[in-house]
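Q: Turn these sequences into a full structure, and let the hints guide you.
Line order of the protein sequences matches chains A and B.
Start counting the first sequence at 732; every next residue gets the next number (my numbering).
Start counting the second sequence at 25; every next residue gets the next number (my numbering).
Since the hints were made in silico from the structure, they are not lab data.
Quantities reported herein were computed from a predicted structural model and do not represent experimental measurements.
Positions of the beta carbon are idealized from the N, C-alpha and C atoms, including for glycine.
Derived pair list, reagent style DSSO-like, types lysine-lysine, alpha-carbon separation capped at 30 Å:
no., chain 1, residue 1, chain 2, residue 2
1, A, K770, A, K871
2, B, K34, A, K770
3, A, K871, B, K34
4, B, K82, B, K124
5, B, K124, B, K112
6, B, K159, B, K112
Computed from the model, here is a short list of chain B residues facing chain A with C-beta under 8 Å:
no., residue
7, V35
8, V39
9, F42
10, A49
11, M52
12, A54
13, K56
14, V57
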Amino acid sequence: MTAWLQALGRTGLSVFDRTGRAGIFLLRVLAGLPSLVFKPRLAITQLYSVGVRSLVIIVVSSLNVGMVLGLQVYNTLVDFGATASLGPAVALTLVRELGPVVAALLFAGRAGSALTAEIGLMKVTEQLSGMEMMAVDPLKRIVGPRFIAGVIAMPLLAAIFSAVGILGAYFVGVGLLGVDEGAFWSQMQSSVDLYEDILNGVIKSIVFGFVVTWIAVFQGYDCVPTAEGVSLATTNTVVFSSLWVLILDFILTALMYGGT
Amino acid sequence: MEAHEVESRKVEIAVGLFIAVGIAALFMLAMKVSNLSSLTGDEGYVLTARFDNIGGLKVRSPVSMAGVRIGRVTSVGFDQKTYEAVVKVTINPMYNQIPKDTSASILTSGLLGEQYVGLQPGAEDKYLHNGDVIKYTQSAMILERLVGQFLFNKAQEGGSK
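A: Structural data, given as structure tokens:
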């Protein structure tokens with residue numbers, strides 16, 4: 732009984748401990764961000780590896796998600812003769828939910844794991860402590876640029892995801908299944924609101940980008956400096972950030988759309 | 025040094041392209057997907073109409089005449105004295121020749137579609153101006169009430185036989 736209680740207590744303490752360290756870590760990274768203004772190249776290089784290299788997976792999967800959505804929603808709507816609502820249905824699904832969420836999940840798998848592995852490996856090979864020896868703050872030099880790159884890249888990737896997904900649904904719906912083109916776009920425009928839908932989607936993707944990148948860089952920075960530790964940290968990044976994206980998505984959706 | 029320069033140029037171009045594509049996607053969402061292009065008519069003149077029942081009419085529902093959208097519902101209120109719904113609509117200033125005796129009715133687009141305010145032009149020479157009240161109104165058709173009425177009539181028919 733006491734052993735069980737002790738195990739519970741130890742788990743609880745370690746969770747609090749880790750959360751606290753993650754919070755302090757975040758504050759220190761944020762405090763170091765202004766110095767990046769003088770070295771924008773560091774962030775641009777990271778934006779390349781985090782953002783540009785995620786483009787292929789984002790574009791390919793969003794095209795397919797959009798086409799599948801178009802096909803499935805069409806099959807449901809055609810029974811009611813309401814195929815003109817294909818545009819709004821697909822656009823709202825993508826802009827409000829699937830765009831930010833799926834882009835964030837793919838981002839966690841593609842870019843988040845890479846960030847963790849990279850920073851973790853730097854820790855294992857003692858590059859981080861080497862930098863500290865040379866009075867270079869690794870939080871400013873290594874973590875900061877990666878963090879800001881992730882936060883910038885994520886909303887852009889989510890927007891690309893939504894736009895390409897809508898185009899995919901357009902190809903399937905209008906091109907293959909013969910939905911009226913004018914109805915597709917005009918119904919979409921009359922039911923998608925700039926602030927309520929698109930702006931909220933962008934806010935969601937910024938929050939997701941923040942959280943995923945935070946988890947990724949923290950897991951890498953905080954990992955046990957062994958080969959096993961890096962692999963565990965990489966797994967943790969994908970698992971934790973996916974879970975947090977889904978949990979936060981529910982909370983944000985409830986806050987944004989739950990009121991009315 | 026030369027190769028490094030070329031490499032970083034490539035990276036910068038790729039990042040620039042990425043940001044441009046991302047912003048273009050946002051722009052497309054804003055212009056092509058959302059109602060931004062039809063949002064511009066937010067200013068205009070305000071008319072008030074009182075209805076017994078507005079059904080599912082909401083703020084931002086369209087106001088149309090002959091099927092063309094000419095304005096939007098800007099507020100929906102309730103008058104405690106007359107127990108009527110007070111609907112304020114904003115009409116695009118382009119359409120400033122709506123006769124005084126125009127009637128407003130709440131219609132449904134399609135069988136189950138969203139509800140909107142439809143205006144039927146009257147015949148008077150004077151036009152409605154900012155702050156005017158539309159006198160002739162017709163309430164929303166409530167589907168449940170219609171079905172109830174239909175069933176009631178059928179039952180009466182059956183009883184009289």
